[in-house]
Amino acid sequence: MPDLWEVAHQLNPVEDDADKDADGDKINNFSEFILSQESYSDTIDTDNDGMPDLWEVAHQLNPVEDDATKDADNDGESNLEEFLAQTDPQNNADAQFFLVDFNDAINLGGYYWRYEGQGQWKAFPGLGRQGGGRWRAWNTPYGQETKASTIVNSPGGKVSFYVEVWGDTLTFLIDGKVQGSWNTTVQQRKVEFDLPIGRHELAWVYSQKKTQHHGSNSVSVEKLYISALPDSDNDGVTDGWEYTYFENLETDFNTYDKALDQDNDGLTDIEEALAYSNPFKADSDQDGMPDLWEVTNKTDPGRYDRNEDADGDKINNFSEFILSQGNYSDTIDTDNDGMPDLWEVAHQLNPVEDDADKDADGDGTSNLEEFRTQTDPQIKVILSIKRLTLIKTVTWGASIGVMKDRVSGKLFLVLVGKEAVVGGHGILLMARKLRPVLL
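Start counting the sequence shown at 1; every next residue gets the next number (full-length UniProt numbering).
Please note that the accuracy of each hint is not assured.
The calculated lysine-lysine pairs, modelled on PhoX-like cross-linking and capped at a C-alpha distance of 20 angstroms, are [as the list claims (entries may be wrong)]:
hint, residue 1, residue 2
1, Lys177, Lys147
2, Lys380, Lys410
3, Lys26, Lys70
4, Lys298, Lys314
The hints are simulated quantities; they were obtained by calculation from the structure and are not laboratory data.
Predicted, not measured: the structure shown is a model, and the values here were computed from it.
Starting from the given sequences, assemble the full structure and let the hints guide the process.
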(Lines of atoms letter the chains of each structure in order from A; the text may use other names.)
(Lines give C-alpha, C1' and ligand atoms only; values in the text may rest on other atoms or scores of the structure.)
Protein backbone atom coordinates (compact mmCIF):
# COMPACT_ATOMS: atom_id res chain seq x y z
CA MET A 1 0.00 0.00 0.00
CA PRO A 2 1.56 3.35 -1.01
CA ASP A 3 2.38 5.73 1.85
CA LEU A 4 0.10 8.42 0.41
CA TRP A 5 -2.85 6.03 0.39
CA GLU A 6 -2.11 4.84 3.93
CA VAL A 7 -1.86 8.38 5.32
CA ALA A 8 -5.07 9.38 3.52
CA HIS A 9 -6.85 6.45 5.20
CA GLN A 10 -5.38 6.94 8.68
CA LEU A 11 -3.02 3.96 8.46
CA ASN A 12 0.62 3.80 9.51
CA PRO A 13 3.00 4.01 6.51
CA VAL A 14 5.93 2.61 8.53
CA GLU A 15 4.07 -0.44 9.89
CA ASP A 16 3.23 -3.63 7.99
CA ASP A 17 -0.50 -3.49 8.63
CA ALA A 18 -1.72 -5.02 5.35
CA ASP A 19 -3.53 -7.84 7.15
CA LYS A 20 -5.02 -5.66 9.87
CA ASP A 21 -8.56 -4.28 9.82
CA ALA A 22 -8.42 -0.61 10.82
CA ASP A 23 -12.15 0.07 10.49
CA GLY A 24 -13.36 -3.26 11.85
CA ASP A 25 -15.48 -4.18 8.85
CA LYS A 26 -13.90 -7.67 8.49
CA ILE A 27 -12.08 -6.62 5.32
CA ASN A 28 -8.36 -6.24 5.86
CA ASN A 29 -6.49 -3.05 4.93
CA PHE A 30 -4.88 -4.49 1.80
CA SER A 31 -8.23 -5.68 0.45
CA GLU A 32 -9.62 -2.19 1.05
CA PHE A 33 -6.68 -0.76 -0.89
CA ILE A 34 -7.34 -3.12 -3.84
CA LEU A 35 -11.03 -2.23 -3.88
CA SER A 36 -10.16 1.45 -4.03
CA GLN A 37 -8.09 1.04 -7.20
CA GLU A 38 -9.76 1.30 -10.58
CA SER A 39 -6.81 -0.08 -12.57
CA TYR A 40 -5.48 -2.81 -10.27
CA SER A 41 -3.98 -5.54 -12.47
CA ASP A 42 -5.79 -8.87 -12.51
CA THR A 43 -2.44 -10.70 -12.75
CA ILE A 44 -1.03 -9.54 -9.42
CA ASP A 45 -0.77 -12.31 -6.81
CA THR A 46 0.76 -10.69 -3.73
CA ASP A 47 0.88 -13.85 -1.58
CA ASN A 48 1.96 -16.13 -4.46
CA ASP A 49 -0.74 -18.67 -3.72
CA GLY A 50 -1.84 -19.12 -7.32
CA MET A 51 -4.94 -16.91 -7.00
CA PRO A 52 -4.86 -13.27 -8.21
CA ASP A 53 -5.54 -10.58 -5.62
CA LEU A 54 -8.62 -9.26 -7.40
CA TRP A 55 -10.22 -12.72 -7.51
CA GLU A 56 -9.46 -13.30 -3.84
CA VAL A 57 -10.93 -10.00 -2.75
CA ALA A 58 -14.01 -10.51 -4.93
CA HIS A 59 -14.56 -13.86 -3.20
CA GLN A 60 -13.84 -12.78 0.37
CA LEU A 61 -10.45 -14.48 0.56
CA ASN A 62 -7.23 -12.98 1.87
CA PRO A 63 -4.83 -11.60 -0.80
CA VAL A 64 -1.93 -11.39 1.68
CA GLU A 65 -2.21 -14.92 3.11
CA ASP A 66 -1.46 -18.15 1.28
CA ASP A 67 -4.89 -19.76 1.63
CA ALA A 68 -4.74 -21.89 -1.53
CA THR A 69 -5.15 -25.19 0.31
CA LYS A 70 -7.90 -23.93 2.60
CA ASP A 71 -11.55 -24.67 1.86
CA ALA A 72 -13.63 -21.58 2.66
CA ASP A 73 -17.01 -23.20 1.99
CA ASN A 74 -16.11 -26.70 3.25
CA ASP A 75 -17.22 -28.40 0.04
CA GLY A 76 -14.17 -30.65 -0.26
CA GLU A 77 -12.47 -28.46 -2.87
CA SER A 78 -9.68 -26.09 -1.94
CA ASN A 79 -9.81 -22.38 -2.69
CA LEU A 80 -7.21 -22.87 -5.44
CA GLU A 81 -9.25 -25.68 -7.03
CA GLU A 82 -12.28 -23.40 -7.04
CA PHE A 83 -10.25 -20.62 -8.70
CA LEU A 84 -9.02 -22.99 -11.40
CA ALA A 85 -12.56 -24.25 -11.94
CA GLN A 86 -13.95 -20.71 -11.75
CA THR A 87 -16.46 -21.72 -9.10
CA ASP A 88 -17.37 -19.78 -5.97
CA PRO A 89 -15.14 -20.66 -2.99
CA GLN A 90 -17.84 -19.30 -0.67
CA ASN A 91 -20.67 -21.40 -2.11
CA ASN A 92 -20.50 -25.15 -1.47
CA ALA A 93 -23.25 -25.80 -4.01
CA ASP A 94 -21.09 -24.45 -6.80
CA ALA A 95 -18.34 -27.09 -6.75
CA GLN A 96 -18.02 -29.00 -10.03
CA PHE A 97 -14.28 -29.39 -10.57
CA PHE A 98 -11.83 -31.65 -8.81
CA LEU A 99 -8.05 -31.82 -8.57
CA VAL A 100 -6.54 -35.30 -8.48
CA ASP A 101 -4.02 -35.16 -5.66
CA PHE A 102 -1.01 -37.21 -6.71
CA ASN A 103 0.50 -36.52 -3.29
CA ASP A 104 -2.12 -38.98 -2.05
CA ALA A 105 -0.68 -42.07 -3.75
CA ILE A 106 -3.43 -44.33 -2.43
CA ASN A 107 -6.69 -42.50 -3.20
CA LEU A 108 -5.70 -40.50 -6.32
CA GLY A 109 -8.46 -37.97 -5.89
CA GLY A 110 -11.03 -40.48 -4.71
CA TYR A 111 -11.88 -41.69 -8.23
CA TYR A 112 -12.18 -45.37 -9.12
CA TRP A 113 -9.16 -46.23 -11.27
CA ARG A 114 -8.74 -49.27 -13.47
CA TYR A 115 -5.38 -50.49 -14.79
CA GLU A 116 -4.75 -52.69 -17.80
CA GLY A 117 -1.65 -54.08 -19.48
CA GLN A 118 1.83 -54.76 -18.22
CA GLY A 119 3.47 -52.28 -15.93
CA GLN A 120 1.59 -49.77 -13.80
CA TRP A 121 0.78 -46.14 -13.23
CA LYS A 122 2.27 -44.93 -9.97
CA ALA A 123 1.97 -41.67 -8.02
CA PHE A 124 5.14 -40.01 -6.73
CA PRO A 125 4.33 -37.47 -3.99
CA GLY A 126 6.24 -34.21 -3.92
CA LEU A 127 7.91 -34.58 -7.34
CA GLY A 128 5.50 -32.38 -9.30
CA ARG A 129 4.91 -28.69 -9.78
CA GLN A 130 4.71 -26.46 -6.69
CA GLY A 131 5.17 -29.44 -4.36
CA GLY A 132 2.40 -31.48 -5.97
CA GLY A 133 2.67 -35.11 -6.93
CA ARG A 134 3.50 -36.70 -10.24
CA TRP A 135 1.78 -39.67 -11.91
CA ARG A 136 4.08 -41.87 -13.97
CA ALA A 137 3.89 -44.97 -16.11
CA TRP A 138 6.11 -47.48 -14.35
CA ASN A 139 7.87 -50.77 -15.17
CA THR A 140 6.29 -51.19 -18.60
CA PRO A 141 8.24 -53.71 -20.74
CA TYR A 142 9.52 -52.68 -24.14
CA GLY A 143 6.88 -52.87 -26.83
CA GLN A 144 4.02 -53.01 -24.31
CA GLU A 145 1.28 -50.66 -23.14
CA THR A 146 -0.24 -49.83 -19.79
CA LYS A 147 -3.58 -48.07 -19.41
CA ALA A 148 -5.16 -46.16 -16.54
CA SER A 149 -8.82 -45.16 -16.76
CA THR A 150 -11.76 -43.91 -14.76
CA ILE A 151 -15.45 -43.29 -15.49
CA VAL A 152 -17.07 -40.03 -14.38
CA ASN A 153 -20.44 -38.30 -14.44
CA SER A 154 -19.74 -34.74 -15.54
CA PRO A 155 -21.96 -31.65 -15.37
CA GLY A 156 -19.96 -30.42 -18.36
CA GLY A 157 -16.63 -28.64 -18.32
CA LYS A 158 -12.97 -29.49 -18.89
CA VAL A 159 -10.22 -32.00 -18.30
CA SER A 160 -6.78 -30.45 -17.99
CA PHE A 161 -3.35 -31.67 -16.94
CA TYR A 162 0.35 -31.10 -17.45
CA VAL A 163 2.01 -33.71 -19.63
CA GLU A 164 5.69 -34.60 -19.91
CA VAL A 165 7.04 -37.13 -22.41
CA TRP A 166 10.56 -38.42 -23.03
CA GLY A 167 10.40 -40.02 -26.45
CA ASP A 168 7.74 -42.70 -25.97
CA THR A 169 4.00 -42.22 -26.48
CA LEU A 170 1.23 -41.01 -24.18
CA THR A 171 -2.31 -40.96 -25.52
CA PHE A 172 -5.34 -39.43 -23.81
CA LEU A 173 -8.81 -40.67 -24.77
CA ILE A 174 -12.39 -39.77 -23.87
CA ASP A 175 -14.85 -42.59 -24.53
CA GLY A 176 -12.26 -44.36 -26.66
CA LYS A 177 -11.65 -41.37 -28.93
CA VAL A 178 -8.16 -39.91 -29.04
CA GLN A 179 -8.07 -36.35 -27.73
CA GLY A 180 -4.32 -35.93 -27.66
CA SER A 181 -1.20 -37.99 -28.33
CA TRP A 182 2.41 -37.07 -27.59
CA ASN A 183 5.33 -39.11 -28.90
CA THR A 184 8.22 -36.68 -28.92
CA THR A 185 10.00 -35.02 -26.04
CA VAL A 186 7.52 -32.72 -24.30
CA GLN A 187 8.46 -30.77 -21.19
CA GLN A 188 5.69 -29.69 -18.83
CA ARG A 189 2.99 -28.75 -21.32
CA LYS A 190 -0.50 -27.96 -20.08
CA VAL A 191 -3.29 -29.46 -22.17
CA GLU A 192 -7.05 -29.00 -21.87
CA PHE A 193 -10.03 -30.79 -23.39
CA ASP A 194 -13.79 -30.31 -23.32
CA LEU A 195 -15.75 -32.78 -21.20
CA PRO A 196 -19.45 -32.88 -22.18
CA ILE A 197 -22.30 -33.47 -19.76
CA GLY A 198 -22.91 -37.07 -18.70
CA ARG A 199 -21.04 -40.36 -18.39
CA HIS A 200 -17.54 -40.54 -19.86
CA GLU A 201 -14.51 -42.81 -19.66
CA LEU A 202 -11.19 -40.99 -19.37
CA ALA A 203 -8.12 -43.01 -20.26
CA TRP A 204 -4.36 -42.51 -20.38
CA VAL A 205 -2.37 -45.06 -22.39
CA TYR A 206 1.41 -45.25 -22.22
CA SER A 207 3.17 -47.11 -25.07
CA GLN A 208 6.74 -48.18 -24.41
CA LYS A 209 8.12 -48.30 -27.95
CA LYS A 210 11.75 -47.45 -27.42
CA THR A 211 14.61 -49.85 -26.75
CA GLN A 212 16.14 -47.17 -24.56
CA HIS A 213 14.44 -44.41 -22.66
CA HIS A 214 14.89 -41.74 -20.03
CA GLY A 215 15.34 -43.39 -16.64
CA SER A 216 12.85 -45.97 -15.45
CA ASN A 217 9.79 -44.21 -16.83
CA SER A 218 9.13 -41.96 -19.76
CA VAL A 219 5.80 -40.18 -19.36
CA SER A 220 4.20 -38.29 -16.51
CA VAL A 221 1.00 -36.42 -15.70
CA GLU A 222 0.61 -33.65 -13.13
CA LYS A 223 -2.06 -31.23 -11.93
CA LEU A 224 -4.96 -33.26 -13.28
CA TYR A 225 -8.30 -31.44 -13.06
CA ILE A 226 -11.57 -33.16 -13.94
CA SER A 227 -14.91 -31.36 -14.11
CA ALA A 228 -16.70 -34.16 -12.31
CA LEU A 229 -16.96 -35.14 -8.67
CA PRO A 230 -15.88 -38.69 -7.75
CA ASP A 231 -19.31 -39.36 -6.21
CA SER A 232 -21.79 -37.12 -8.01
CA ASP A 233 -24.89 -38.68 -6.43
CA ASN A 234 -23.37 -38.49 -2.94
CA ASP A 235 -24.28 -42.06 -1.95
CA GLY A 236 -20.87 -42.94 -0.54
CA VAL A 237 -19.79 -44.99 -3.57
CA THR A 238 -17.65 -43.60 -6.38
CA ASP A 239 -19.37 -43.17 -9.73
CA GLY A 240 -16.67 -45.09 -11.59
CA TRP A 241 -17.20 -48.18 -9.43
CA GLU A 242 -20.98 -47.96 -9.83
CA TYR A 243 -20.72 -47.59 -13.60
CA THR A 244 -18.28 -50.50 -13.83
CA TYR A 245 -20.26 -53.04 -11.80
CA PHE A 246 -23.85 -51.70 -11.79
CA GLU A 247 -23.88 -50.02 -15.25
CA ASN A 248 -25.49 -46.79 -14.00
CA LEU A 249 -25.97 -44.57 -10.93
CA GLU A 250 -29.53 -45.64 -10.20
CA THR A 251 -28.62 -47.77 -7.16
CA ASP A 252 -28.79 -45.76 -3.94
CA PHE A 253 -26.05 -47.13 -1.72
CA ASN A 254 -27.33 -45.07 1.20
CA THR A 255 -30.22 -47.55 1.48
CA TYR A 256 -28.42 -50.62 0.06
CA ASP A 257 -28.41 -53.93 1.99
CA LYS A 258 -25.17 -53.55 3.92
CA ALA A 259 -24.92 -57.30 4.62
CA LEU A 260 -25.22 -58.40 0.98
CA ASP A 261 -22.18 -60.31 -0.33
CA GLN A 262 -22.97 -61.38 -3.89
CA ASP A 263 -19.73 -63.29 -4.55
CA ASN A 264 -19.60 -64.87 -1.07
CA ASP A 265 -15.96 -63.94 -0.62
CA GLY A 266 -16.32 -62.56 2.90
CA LEU A 267 -16.52 -58.93 1.80
CA THR A 268 -19.93 -57.28 1.55
CA ASP A 269 -20.77 -55.34 -1.59
CA ILE A 270 -20.36 -52.09 0.35
CA GLU A 271 -16.92 -53.20 1.57
CA GLU A 272 -15.99 -54.11 -2.01
CA ALA A 273 -17.08 -50.64 -3.13
CA LEU A 274 -14.79 -49.04 -0.56
CA ALA A 275 -11.94 -51.38 -1.56
CA TYR A 276 -12.59 -50.81 -5.30
CA SER A 277 -12.89 -54.57 -5.84
CA ASN A 278 -15.37 -56.60 -7.89
CA PRO A 279 -18.52 -57.52 -5.89
CA PHE A 280 -19.20 -60.40 -8.29
CA LYS A 281 -15.75 -62.04 -8.27
CA ALA A 282 -13.75 -63.36 -5.29
CA ASP A 283 -10.41 -62.44 -6.92
CA SER A 284 -11.06 -59.19 -8.75
CA ASP A 285 -7.66 -58.81 -10.38
CA GLN A 286 -7.08 -62.56 -10.87
CA ASP A 287 -3.63 -62.40 -9.35
CA GLY A 288 -4.17 -65.53 -7.24
CA MET A 289 -4.76 -63.63 -4.01
CA PRO A 290 -8.43 -63.47 -2.92
CA ASP A 291 -9.97 -60.03 -2.38
CA LEU A 292 -10.60 -60.68 1.32
CA TRP A 293 -6.94 -61.55 1.90
CA GLU A 294 -5.78 -58.50 -0.09
CA VAL A 295 -8.04 -56.10 1.79
CA THR A 296 -7.03 -57.60 5.13
CA ASN A 297 -3.32 -57.39 4.29
CA LYS A 298 -3.48 -53.96 2.64
CA THR A 299 -2.55 -55.00 -0.88
CA ASP A 300 -4.62 -53.83 -3.85
CA PRO A 301 -7.50 -56.20 -4.80
CA GLY A 302 -8.11 -54.25 -7.98
CA ARG A 303 -4.59 -54.43 -9.40
CA TYR A 304 -2.33 -57.31 -10.44
CA ASP A 305 0.24 -56.74 -7.70
CA ARG A 306 1.37 -60.19 -6.65
CA ASN A 307 5.02 -59.50 -7.49
CA GLU A 308 5.05 -56.22 -5.52
CA ASP A 309 6.03 -55.79 -1.89
CA ALA A 310 3.30 -53.82 -0.12
CA ASP A 311 4.91 -53.85 3.32
CA GLY A 312 8.52 -53.40 2.18
CA ASP A 313 9.87 -56.51 3.89
CA LYS A 314 11.54 -57.88 0.72
CA ILE A 315 8.97 -60.69 0.46
CA ASN A 316 6.54 -60.18 -2.41
CA ASN A 317 2.80 -60.14 -1.86
CA PHE A 318 2.17 -63.58 -3.33
CA SER A 319 4.81 -65.17 -1.12
CA GLU A 320 3.18 -63.53 1.89
CA PHE A 321 -0.15 -64.99 0.79
CA ILE A 322 1.33 -68.48 0.52
CA LEU A 323 2.95 -68.20 3.96
CA SER A 324 -0.40 -67.21 5.46
CA GLN A 325 -2.16 -70.34 4.19
CA GLY A 326 -2.21 -73.41 6.42
CA ASN A 327 -3.26 -75.83 3.69
CA TYR A 328 -1.53 -74.54 0.56
CA SER A 329 -0.89 -77.49 -1.77
CA ASP A 330 2.72 -78.55 -2.22
CA THR A 331 2.02 -79.37 -5.88
CA ILE A 332 1.04 -75.87 -7.04
CA ASP A 333 3.59 -74.26 -9.33
CA THR A 334 2.17 -70.85 -10.24
CA ASP A 335 4.97 -69.76 -12.58
CA ASN A 336 5.38 -73.24 -14.16
CA ASP A 337 9.13 -73.25 -13.60
CA GLY A 338 9.27 -76.81 -12.27
CA MET A 339 9.58 -75.77 -8.63
CA PRO A 340 6.49 -75.83 -6.37
CA ASP A 341 5.47 -72.52 -4.82
CA LEU A 342 5.91 -73.77 -1.25
CA TRP A 343 9.48 -74.91 -1.93
CA GLU A 344 10.32 -71.60 -3.63
CA VAL A 345 8.95 -69.51 -0.79
CA ALA A 346 10.69 -71.69 1.81
CA HIS A 347 13.97 -71.05 -0.03
CA GLN A 348 13.51 -67.31 -0.70
CA LEU A 349 12.85 -67.74 -4.41
CA ASN A 350 10.04 -66.08 -6.37
CA PRO A 351 6.94 -68.26 -6.92
CA VAL A 352 5.57 -65.91 -9.61
CA GLU A 353 8.73 -65.58 -11.70
CA ASP A 354 10.34 -68.32 -13.78
CA ASP A 355 13.71 -68.43 -12.00
CA ALA A 356 14.49 -72.09 -12.70
CA ASP A 357 17.67 -71.31 -14.67
CA LYS A 358 18.92 -68.71 -12.21
CA ASP A 359 21.52 -69.56 -9.59
CA ALA A 360 20.56 -67.78 -6.37
CA ASP A 361 23.67 -68.76 -4.42
CA GLY A 362 26.13 -68.65 -7.32
CA ASP A 363 27.45 -72.14 -6.79
CA GLY A 364 27.18 -73.18 -10.41
CA THR A 365 23.99 -75.18 -9.86
CA SER A 366 20.69 -73.71 -11.05
CA ASN A 367 17.73 -73.28 -8.72
CA LEU A 368 15.88 -76.07 -10.53
CA GLU A 369 18.85 -78.44 -10.15
CA GLU A 370 18.96 -77.63 -6.43
CA PHE A 371 15.24 -78.42 -6.15
CA ARG A 372 15.73 -81.76 -7.89
CA THR A 373 18.59 -82.71 -5.57
CA GLN A 374 16.87 -81.14 -2.57
CA THR A 375 19.79 -78.88 -1.75
CA ASP A 376 19.47 -75.29 -0.58
CA PRO A 377 19.52 -72.77 -3.48
CA GLN A 378 20.58 -70.01 -1.09
CA ILE A 379 23.68 -71.78 0.26
CA LYS A 380 26.77 -72.78 -1.70
CA VAL A 381 26.63 -76.42 -0.85
CA ILE A 382 29.36 -79.05 -1.17
CA LEU A 383 28.60 -81.13 -4.23
CA SER A 384 27.97 -84.70 -3.15
CA ILE A 385 30.12 -87.37 -4.79
CA LYS A 386 26.98 -89.50 -4.82
CA ARG A 387 25.64 -87.36 -7.68
CA LEU A 388 28.66 -88.11 -9.87
CA THR A 389 29.23 -91.00 -12.25
CA LEU A 390 32.82 -91.94 -13.05
CA ILE A 391 33.40 -91.82 -16.79
CA LYS A 392 37.14 -92.55 -16.87
CA THR A 393 40.35 -92.13 -14.92
CA VAL A 394 43.41 -90.31 -16.26
CA THR A 395 46.83 -89.45 -14.85
CA TRP A 396 48.00 -85.86 -15.01
CA GLY A 397 50.48 -85.38 -12.24
CA ALA A 398 47.94 -86.99 -9.95
CA SER A 399 45.06 -89.40 -10.11
CA ILE A 400 42.19 -87.60 -11.84
CA GLY A 401 38.67 -88.87 -12.27
CA VAL A 402 36.48 -87.47 -15.06
CA MET A 403 32.99 -87.54 -13.63
CA LYS A 404 29.53 -86.48 -14.80
CA ASP A 405 26.86 -84.88 -12.61
CA ARG A 406 23.74 -86.97 -13.17
CA VAL A 407 21.49 -83.94 -12.44
CA SER A 408 23.05 -81.14 -14.47
CA GLY A 409 25.00 -83.19 -17.02
CA LYS A 410 28.15 -81.15 -16.30
CA LEU A 411 31.61 -82.76 -16.37
CA PHE A 412 34.04 -82.45 -13.47
CA LEU A 413 37.69 -83.29 -12.82
CA VAL A 414 38.22 -84.89 -9.42
CA LEU A 415 41.74 -84.82 -7.95
CA VAL A 416 42.08 -87.87 -5.76
CA GLY A 417 44.74 -88.27 -3.06
CA LYS A 418 46.03 -91.54 -1.54
CA GLU A 419 43.49 -91.36 1.27
CA ALA A 420 40.63 -90.45 -1.05
CA VAL A 421 38.13 -93.03 -2.19
CA VAL A 422 34.72 -92.75 -3.84
CA GLY A 423 32.60 -90.98 -1.30
CA GLY A 424 35.68 -89.38 0.25
CA HIS A 425 36.95 -85.83 -0.04
CA GLY A 426 39.10 -83.94 -2.49
CA ILE A 427 39.14 -80.80 -4.59
CA LEU A 428 36.56 -80.64 -7.37
CA LEU A 429 37.34 -78.52 -10.41
CA MET A 430 34.65 -77.72 -12.96
CA ALA A 431 35.82 -78.79 -16.39
CA ARG A 432 37.17 -75.99 -18.59
CA LYS A 433 36.17 -73.21 -16.17
CA LEU A 434 38.51 -74.68 -13.54
CA ARG A 435 36.47 -73.09 -10.75
CA PRO A 436 37.20 -74.95 -7.47
CA VAL A 437 34.33 -76.43 -5.54
CA LEU A 438 35.10 -78.19 -2.26
CA LEU A 439 33.83 -81.75 -1.88
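TODO: Taking the numbered hints from earlier one at a time, note which ones the structure violates and give those numbers from smallest to largest.
DONE: none
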